[in-house]
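Enquirer: Sequence:
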Amino acid sequence: MAVRKTYLAVFGVALLLGGCSNSTDAMWPALSGEDAGSSATQTSTAQSDIGTGAPEADVMRSTQPLTGMSTTGTFVGTKVESMRQELNRLKSALNTHNNELQSLRAQTVSHSQAYHGTVAAINARLQVGTTPGNPVLVKQWNQAQQELDRVNGDIASLNSLANDVAADSTLSTFLLESVRSAYQVSGAVDEDHRQLAMLEDETNRTSVLIDRLLSEISEDLSRQTTYIANERSNLNALSLAVKNGEIFGQSLATKSAPTQPVAANRSLPDSEDRPLVVIRFDSASVKYEQALYNAVNRALERRPDATFDIVAVTPNRGTPAQVALNSSKAKRDAQSVVRSLTDMGMPNSRVRLSDSTSSSVSANEVHVYVR
1106 MAVRKTYLAV
1116 FGVALLLGGC
1126 SNSTDAMWPA
1136 LSGEDAGSSA
1146 TQTSTAQSDI
1156 GTGAPEADVM
1166 RSTQPLTGMS
1176 TTGTFVGTKV
1186 ESMRQELNRL
1196 KSALNTHNNE
1206 LQSLRAQTVS
1216 HSQAYHGTVA
1226 AINARLQVGT
1236 TPGNPVLVKQ
1246 WNQAQQELDR
1256 VNGDIASLNS
1266 LANDVAADST
1276 LSTFLLESVR
1286 SAYQVSGAVD
1296 EDHRQLAMLE
1306 DETNRTSVLI
1316 DRLLSEISED
1326 LSRQTTYIAN
1336 ERSNLNALSL
1346 AVKNGEIFGQ
1356 SLATKSAPTQ
1366 PVAANRSLPD
1376 SEDRPLVVIR
1386 FDSASVKYEQ
1396 ALYNAVNRAL
1406 ERRPDATFDI
1416 VAVTPNRGTP
1426 AQVALNSSKA
1436 KRDAQSVVRS
1446 LTDMGMPNSR
1456 VRLSDSTSSS
1466 VSANEVHVYV
1476 R
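Under my numbering, think of the first position of the sequence shown as 1106, with each following residue one higher.
Just so you know, these hints were derived from the structure itself, not from any lab. For glycine and all other residues, C-beta sits at the position ideal for the given N, C-alpha and C. Any given hint might turn out to be false.
What the hints assert, rightly or not - Using 25 Å as the maximum straight-line C-alpha spacing, the simulated SDA-like pairs for lysine to any residue come out as follows:
no.	residue 1	residue 2
1	Lys-1434	Asp-1410
2	Lys-1184	Lys-1348
3	Lys-1392	Thr-1447
4	Lys-1244	Val-1214
5	Lys-1392	Asp-1460
6	Lys-1436	Pro-1380
7	Lys-1392	Glu-1305
8	Lys-1434	Ala-1389
9	Lys-1436	Arg-1422
10	Lys-1348	Gly-1222
11	Lys-1436	Glu-1406
12	Lys-1434	Arg-1444
13	Lys-1434	Arg-1457
14	Lys-1244	Thr-1447
15	Lys-1392	Leu-1405
16	Lys-1392	Ser-1459
17	Lys-1348	Leu-1381
18	Lys-1348	Leu-1397
19	Lys-1348	Ser-1461
To be verified - Distance ranges between label pairs, derived from CB positions:
no.	residue 1	residue 2	range
20	Asp-1410	Ala-1225	28 to 38 Å
21	Arg-1299	Gln-1190	16 to 26 Å
22	Phe-1279	Ser-1433	39 to 49 Å
23	Pro-1409	Arg-1310	51 to 61 Å
24	Thr-1275	Arg-1408	47 to 57 Å
25	Thr-1424	Arg-1255	14 to 24 Å
26	Ala-1468	Val-1233	44 to 54 Å
27	Arg-1310	Gln-1207	13 to 23 Å
28	Ala-1396	Ser-1197	15 to 25 Å
29	Ala-1229	Ser-1390	33 to 43 Å
30	Ser-1467	Phe-1279	33 to 43 Å
All chains, please: the whole structure from these sequences, using the hints.
Expert: Structure below.
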């Protein structure tokens, strides 16, 4: 007997700095047969569906309690009644979780619309020109950040819902195995087997709906996590624009041309080969993202075809064990820098990661070079 896959939600939403997104539509699945119509109609349709192929009404009909079964008085009949009650509880939980998904989607639409409205107001003011650090725009930027945090909170709720539905999936698998095993118990009458067949069919249908719901939640999580990553990057760039009193610029992704990724081990460049950015990881928390963005953005303005080498530099001092530990930490720091660049919109194909040691540094550093 094949065992169905149970999807597990991983709560890994972080404050990312990615490319740009200009529409909340990217968060929702396309609606087949709804290519035309008002935005209000499209939003309403999206909220009433589990996904592209699972209307909420179908779920409501399929999660009605299983009735029409009577106790036969046999041991198997008693088991049938117990499993019927368990199936009905599972159906009720599925219906509740489906309603929670629709509510979360509607809530996320509302939060996202509020966020984009605030960002649009900031951009409109910047477009016509304003003073650097305008306190009105600073207040609006803080408001936009809070509104985006609400969308981020919706993703946390979606993760929690995914875990609940995954538990339902595990229960449905166990229940289906129990029903099939009951066929082999002796002492059953024909009515017991007829009712077991009904239970098996209903459990199978419920399992299909659970899998479909898990798939829809997984797709929503993927879309919305990407959306949050992109908008964190947009909001970061917008912060600099407010500080300067003018539009800052586009995502790094719009200035990049794809190439093949290269992994390399390389020696530290000569002193004449000066790094674009040096990030010194000499404390537990190093804030480097804004300076990194500014430097890379300027480099791409001068050379749109540039690629970047990210080098983890470790002090060449201490015992071999200390050097090894420092090297491992420096590599993790360099990987964080690569992730930051990716979140800012830089394609992975434009970035090379390597490591080196040097006697001229006193703490772990990450050097960024333009190629």
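Enquirer: Confirm or reject each hint.
Expert: Status of each hint after checking the structure:
Note on Lys-1434 and Asp-1410: the hinted pairing is violated, with a Cα-Cα distance of about 31 Å set against a maximum of 25 Å. Our distance criterion of 25 Å between C-alpha atoms is broken by Lys-1184 and Lys-1348, whose separation comes to about 69 Å. Distance restraint check for Lys-1392 and Thr-1447: the Cα-Cα separation of roughly 17 Å lies within the 25 Å cut-off, and the hinted pair is therefore satisfied. Simply put, Lys-1244 and Val-1214 have alpha-carbon atoms about 23 Å apart, close enough for the 25 Å limit, and the pair holds.
Proposed proximity of Lys-1392 and Asp-1460 is supported: the alpha carbons are some 21 Å apart, at most 25 Å. In summary, the hint linking Lys-1436 to Pro-1380 is supported, as the alpha carbons are separated by about 17 Å, within the 25 Å threshold. The hinted pair formed by Lys-1392 and Glu-1305 fails the criterion: a straight-line CA distance of about 57 Å is larger than 25 Å. Under the criterion of a C-alpha separation no larger than 25 Å, the hint pairing Lys-1434 with Ala-1389 is consistent with the structure, at around 12 Å.
Distance check on the hinted pair: Lys-1436 and Arg-1422 sit about 17 Å apart at the alpha-carbon level, within 25 Å; holds. Straight-line distance between C-alpha atoms of Lys-1348 and Gly-1222 comes to about 20 Å, which keeps the hinted pair within the 25 Å bound. Taking the CA atoms of Lys-1436 and Glu-1406, the gap is near 28 Å; set against the 25 Å cutoff, the hint is violated. Of the supplied pair hints, the one linking Lys-1434 and Arg-1444 holds, its CA atoms being roughly 15 Å apart against a limit of 25 Å.
As the CA atoms of Lys-1434 and Arg-1457 are separated by approximately 18 Å, the hinted pair is consistent with the 25 Å bound. Between the alpha carbons of Lys-1244 and Thr-1447 the distance comes to roughly 28 Å, so the proposed pair goes past 25 Å and is violated. A distance of roughly 22 Å separates the Cα atoms of Lys-1392 and Leu-1405; the hinted pair therefore holds under the 25 Å criterion. Restraint check for Lys-1392 and Ser-1459: satisfied, since their Cα atoms lie roughly 21 Å apart, inside the 25 Å limit.
About 23 Å separates the Cα atoms of Lys-1348 and Leu-1381, which keeps this hinted pair within 25 Å; it holds. The hinted pair formed by Lys-1348 and Leu-1397 meets the criterion: a straight-line CA distance of about 17 Å does not exceed 25 Å. Between Lys-1348 and Ser-1461, the direct Cα distance comes to roughly 37 Å. Violation of the 25 Å bound is thereby established for this hinted pair. About 33 Å separates the C-beta atoms of Asp-1410 and Ala-1225, a value consistent with the hinted range of 28 to 38 Å.
A hinted range of 16 to 26 Å for the beta carbons of Arg-1299 and Gln-1190 is consistent with their spacing of about 18 Å. The given range of 39 to 49 Å is respected by Phe-1279 and Ser-1433, whose C-beta atoms sit roughly 42 Å from each other. Pro-1409 and Arg-1310 have their C-beta atoms about 55 Å apart, which keeps the hinted 51 to 61 Å range intact. Checked against the given bound of 47 to 57 Å, the beta carbons of Thr-1275 and Arg-1408, roughly 53 Å apart, stay inside it.
At roughly 50 Å, the beta-carbon separation of Thr-1424 and Arg-1255 lies outside the given 14 to 24 Å, and the hint is violated. Ala-1468 and Val-1233 have their C-beta atoms about 46 Å apart, which keeps the hinted 44 to 54 Å range intact. Between Arg-1310 and Gln-1207 the C-beta distance comes to about 20 Å, which sits within the given range of 13 to 23 Å. Checking the proposed 15 to 25 Å range against Ala-1396 and Ser-1197 shows it is violated: the Cβ atoms sit about 54 Å from each other.
Here the CB-CB span from Ala-1229 to Ser-1390 is close to 35 Å, well matched to the stated 33 to 43 Å. Distance hint for Ser-1467 and Phe-1279: a CB-CB separation of about 58 Å, inconsistent with the stated range 33 to 43 Å.
In summary, the numbered hints that this structure violates are 1, 2, 7, 11, 14, 19, 25, 28 and 30.
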